[in-house]
Structure formats: structure tokens, C-alpha cells
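**Q** Letter by letter, the chains look like this.
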Amino acid sequence: MAIIDFINFYIVPGLLLGSIYAVGAIGITMVFGILRFAHFAHGDMATMGAFIALAVVGLFGVTPWTALPIAMVLTAILAVGIDRTFYDYLRKRPAILTVMASLGVALMLRSLVQVIWGVDPQTYQRGIVRPDTYFGILLRPRELYTFLSVIVIVVALTIFLRASKWGKAMRAMSDNPDLARLSGVDNRMVTLLLWTIVGALCAASGFMLAINTELTPMMGWFLLLPMFAAAILGGVGRVEGAVLGGLIVGMVEELSVLVMPGQYKAATAFVILLLILLVRPRGLLNGKVL
Amino acid sequence: MSHSPMSVSPATADDFVLAMENVRGGYGDADILQGVTIKVAPREIVVIVGPNGAGKSTAMKAVFGLLIVRGGTVVFDGEDITGWAPNRIVKRGICYVPQVENVFREMTVHENFEMGAFLRKGDLTAAYDRVYQLFPDLKAKRKTPAGDLSGGQRQMVAMGRALMLDPKLLLLDEPTAGLSPKYMEQIFQITRDVRDTGVSIMLVEQHAKQALAFCDRGYVLATGANRHEGTGAALLADQEVAHMFLGG
Ligand SMILES: Nc1ncnc2c1ncn2[C@@H]1O[C@H](COP(=O)(O)OP(=O)(O)O)[C@@H](O)[C@H]1O
Ligand SMILES: [Mg+2]
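Chains as they are written, first to last, in the numbering used here: chain A, 1 to 290; chain B, 1 to 248.
The hints are simulated quantities; they were obtained by calculation from the structure and are not laboratory data. Idealized CB from N, CA, C, for every residue including glycine. Take the hints with a grain of salt, since some may be wrong.
[Claimed, not checked] Every beta carbon over 12 angstroms from chain B, so not counted as near; a handful from chain A, in silico:
#1 Ile-4
#2 Asn-8
#3 Phe-9
#4 Leu-59
#5 Thr-123
#6 Phe-135
#7 Ser-256
#8 Val-257
#9 Val-279
#10 Asn-286
[Stated by the list, open to error] For the chain A half of the interface with chain B, some residues (derived, Cβ under 10 angstroms), not all of them:
#11 Ala-169
#12 Asp-175
#13 Arg-282
Isolated chain B (complex conformation):
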């Protein structure tokens, strides 16, 4: 089992929207990430799977500047953003939907979207049209507090909030956690729709089998390091991956 990432693509950093290379770091003195490499190409859906506590959320936070990074680099859109503060990263074009507590519960659906666009100036009509088009269910609920919605709809509000800034890269941490299979399919479909509007997506998923079937490429993390990477289909076919995570 190799700890160094296998390179599946000969591409250089320039071909990727996001190139996180050999990142080490954590929340305090201990390194949770022991050298993680994850890359996302334009309009690509990249899934990160792995057992609980593998460091999937932590890897995502490293991209968004929520981690103390002690080694490696995070390059976004040709610019080194390692060590940037989250609000600078937001302005640069990455939006992040946390795993939990990802909506303003006491604010209405529409106000949640408004807060998503907090840093944006000028006319927001197009941005609102886009989110209500992606999430038509929310149109009738625009005056409802987000905390009163079902789990699936709350997840949609969370994604909508993040899309209001028109990001180039969207980070989604377990958007289907706790949802019924029907909602899970719907969230996956919406994720594709979002990608089709030109956004690259980095997604952490617990439902490894379904996620690998739906993504373009995937990474398997374990104990803070890369274990496997490849296209979704290749990972699904991999014996070891199947054994580790897919109950095979």
C-alpha cells in the first residue's frame, strides 16, 4: 500500500482549477493531514471517500483556509492560495458548504441566499434566477425559515447560498448525509446541473458506492493520506477499494 499519490493524469497544475499538493496540517499541533494531494479539473466532479475520521472534511477545510497548513501547496486557478483567509478565498471564487450547521436556521430561504451574496455588489436578479431554477422546490418556500425545512431542502438552501457568489469551485461536505435515497439522487442530479453551469465540484461522500458511480474522478483517503485515486468506474472495480469501503 503506497502513501504517495499515484498520478493518473500527466497534466500539470495549470490544467486544474484546484491543485492541492502534499498538504500537511491540522487544527492544532498535531498533523491530521499527512500529505494529501487532490486535484480538480475544470467542470469536473471529484469525490473524496474514505472511512470516518479519515480526514476528508479536514482536506476540504485545508482548501478553504480553515486549517493550519504546515506543508504543501494549494493552487487555485493558477494562484497559490495556501494560507489565505477564508473571506479572501471566497472572493477569489471558492464557496464551501460545511457538513453541518450549513444554513441560517432563523432566516428565510431567500435571506439565506442573500447572505450567500453578501460580498457581491450590483444586480442579483440573475443569481436568484439561477438558484431558484436549480431548486424549484424552494420557490414556494422562499419566505420560510430554513430551520423549518426538511433535511433535503435544507441541503438545497445550503448549496444555493454557496452558489450565490457564482463560484468557480464548489466544495460540498457530505451533502447527502442523513437523506433518503430519493433525496440523495436529487442532490446528485442537482450537483450535475450545477456542474453543467460551469462550476467545478469537490465532494465528500459517505455513500461511497453511489458517489463513485456518479463522479468523474475519485480519491480514497485513509488516516490523513491518499490511498487510491482514479476514475469513479476504476475505483469501483478495484478489489482493494471494494474490500475497504464498499463492503465487498
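Excised from the complex, chain A in its bound form:
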């Protein structure tokens, strides 16, 4: 197989899937870092975000990529609302209660999607799109936009966390919550910011998966395992780790078909998760102990 074919058939799809996982895994790692619980509604929140984008396309007749930022804002509001309604109520109780509550929220969101949009697969746009060639690399416009969006999202988030006052406060809260409070950081403001970011990231990952495949009510649920694997592989609480972990999981999934039947593709994330927990539970970039 020529090297360029290898790139086009394995590396590009691997990176594409990986960057979608990465965007989801960032949210999971941030929730764990700051609120110290595993957010099981993450995948279904991504589904909801993807369907909200579909609704925006249908209602306003805009292109899917124009609908994306609108869907990100709406899903952010939804995420803040969910936190206020369900998780905030359990804040002072053991974390496992919030984990279970997030599982309930996951089922609720999925049912809501099924009630509103039905159970059949849908797409943002019909028709077959031919890829363009860039130095021998085949990319459809939607794939190119996915890569560009992921880069913009990761860069913007990194700048926010590294350089802004409240971004630093979020890192401080994840690093040492007691000391952050002693320094006068307002917990509620950090939580509000967190869910705003997480909601927006969920919508982005769901949308990007949907535009490159299709929308189904179960799509987010299937994202959950690879996203968690990516977050843990990178090191829980580490945004850079989530990006790295996402890319690795996506790449390994796509490359696995070289050595295993394609049906096992979805199991690779599970294998990665088991291996990393056995060999290096703090992840590649030394995250928090689970």
C-alpha cells in the first residue's frame, strides 16, 4: 500500500475521529478536575447538541456550520440549567450520587431527543460530497472544517485557561480547591463557567461526529467510552492530555482494522482504558488519581 493511501485511509480518518473524541474528552477531564465526578451524561449532552444544531438548520435555513456556534451557545445554557437543577443540589453529598444522577440525566436527554426528533437516523445535508485533494491528501470540506474547528476550539480554550483571570481561577480550583477558596475564588462562578464550556464542547463534538456520519439518538452514548478512555489515557484533569488521548484513541480505533475484524473497532477504546488503568493509572501526563 502506498504511503499516501495509508494516510488517506487510516491516518486522516483516525485524526478526524480522534479530534472529535478530543473535544469531548476535554469536557470530561475538566468536570472531573474541578467537580471531581465522572460525568456520564456527557455523551447524551453531545447528542442533544447535535440535534439542537439540526433544529437550528431546519428553523432558520442556515448551513450546518453556521448552526454550530448557535447550538454551542444553546447547549451551554442547557448544561448550566442541568447543573443548577440536578448536580448543584447534590454538591455537598458524596460524589457517587452525582455520578448516578448524571446517568439519569443521560437517559433523560436521550429520551427527550427520541421524543422530539424520533428514532431514525438523520443528516444535516443530503447528497454525496466529493473530496478535494491537498498535496495528495483527500479531504471533504466537512472534514477540513472539522479539523479547523477543533484547532480553533483547542487554541481558544488554551488561551482562556492560560492567560485569563478566570481561566487561571479554573485551573487553580482543579489544582487545589481549598486553597483556591482561601484565595477568594468564587466556587459558583467557576462552576458556571465550567458548564458553559462543557456544554459548548459537547455540542461541538456531537455536531462534528454527526456531520461526518449521521445523527442518531444513540450516537452520544457510543461516544462515552472512547471519550472516557481518552480523558483517562491523557491524565484526568489535564486538558492537553485529553487532546492527546483523544487523538490516540481515534487513531488506534482506525488502525485496529489492519489487525482485527472491523466489528471489534469499538472495543479498542475499552482495551486502551483497561491497559492504561493497569499500567499507568495517572495517564500519560500524570493526571489525578481516580
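Please build the complex by placing chain B with the ligands on the supplied structure of chain A, with the hints as guidance.
**A** Just chain B with the ligands now, with coordinates in the frame of chain A:
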């Protein structure tokens, strides 16, 4: 042995930056502090010593609003701050350096200072100049994550973070724990330097002998109550204190 504090100074509460009087309280239903009285005068270094589990850290937390106080009062700078939340107390001018986990490990030295000044608005140049002047070793390390520093330097970052808000009173919980004698001396010296910039200091120490030699006044706590108090020199000379804590 008397449980009620002996009064060494005839001064009234107004003469003290901090007057914690007869404080009882704890973390849950049980009272860890059984009536503790500690006072700090302006520009004074006050040391609290006592055996492990005596309630030294707990007394310090009572000042900072981290305790359920069920009796007594904490008056700071002429205002009753009993029962205030920590972030209100921070704004009022008390900063606290906990005994452990007192830096943001994954953030750089400079970012730690920045977080210390989180509540401050306006130009921070003077505040940064002050901490880097007090801790010149940290100047070259300003981009290093605090978790990668040595124990002594980490303690300096912790103190620097607390000083960024320009407090009137600084609470230091065992700043020399686990440090070599050389670093211990350095931390004591820096504590004096900080005092010389106009800050009053309340310090909990395990190294009782060295701490009493260096402080202005000291308190000896045991089982959640005052045991002795006096100038550092007087406490060092006290037979009973020597016997209890100084291996005399
Ligand atoms: N967070 C806490 N919750 C409950 N009990 C505590 C807590 N911290 C300390 N204690 C108890 O309070 C008592 C005094 O502890 P502490 O003030 O830390 O002592 P010291 O600092 O003098 O060594 C001890 O019996 C300890 O077990
Ligand atoms: Mg202590």
C-alpha cells in the same frame, strides 16, 4: 496547672490587631478548642507551640473562619469577625498559609502569586516587587510549576501567595515542617522581614525551642486550651514548659 489564660499584658482589645478570646469550637459536634485565648499586637510575631494534636492548627483555623465557633469572640482590627466566611476575612486583611497543600502545584510560581492577588484590583507591580524582594530565590523560578520546587522554596511560594493581598495579619501554620535547619533559619528570617514591612504574624511551630527564641511572644496550648503564655524568653526559661516540650 490553670486552664484559664494568665494575662501578661494589661492592654485592652483595642491594642491588639487580633484578639481571640475564650474561643470554643470544632469541626463537628465535638469541641476541639475548649476556650482558647490568643492575642497579637501590631507588628508582633506570636508563636503557638504545643504537642501534636493540641489544637494549634485548629486555633488558627478558628481565626480564619474555617471552624464552627460555639463560644468566645474573634476581634480583628477593632471589628468582631466571629463566624465570618473565609473570603470575607481575606478581604478584611487576614491571609492564611495552611500547614499542607499550600501551593497550586501545577501552576507556576508567578501564577501562584497571581492567584494570591485574585481579589485585588488595579496595578500589582508593587505587590510583585515586594514578594520577589522577600524571596529573591524565586525570581529565577517564576515560570517553574510550584510542585517542582524544593520544600523550602514551596514554603516561600506559599508565603508569597498569602502576602499578595497585602494583609495586616499573616497566619502561618508550621512553615518550617520538614525543612532543613538552614531553610528553617531562612524562613524565620523572612518572617522577620515580612514583619518589618508592617505585618503582624501568628505562627504555629513544631520546633518549639527555635521558635520561642525568635518570636516576640508565645502561647503554649495543650488539649485544646491555653497552658502558658509569655515572652519567648520567659517561656524558654520556664521549668514546666521546658519539661513539657523542650525535652528539658
Ligand atoms: N478537619 C478535621 N476534622 C475533624 N477533626 C480534626 C480536623 N483537623 C484536626 N482535627 C482534630 O483536632 C485535634 C487538634 O488538631 P490540630 O489542631 O490539627 O492539632 P495540632 O495542629 O496542634 O497538631 C486533633 O484531635 C485532630 O484529630
Ligand atoms: Mg497542626
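**Q** Output the numbers, in ascending order, of every earlier hint that fails for this structure.
**A** 10 and 13
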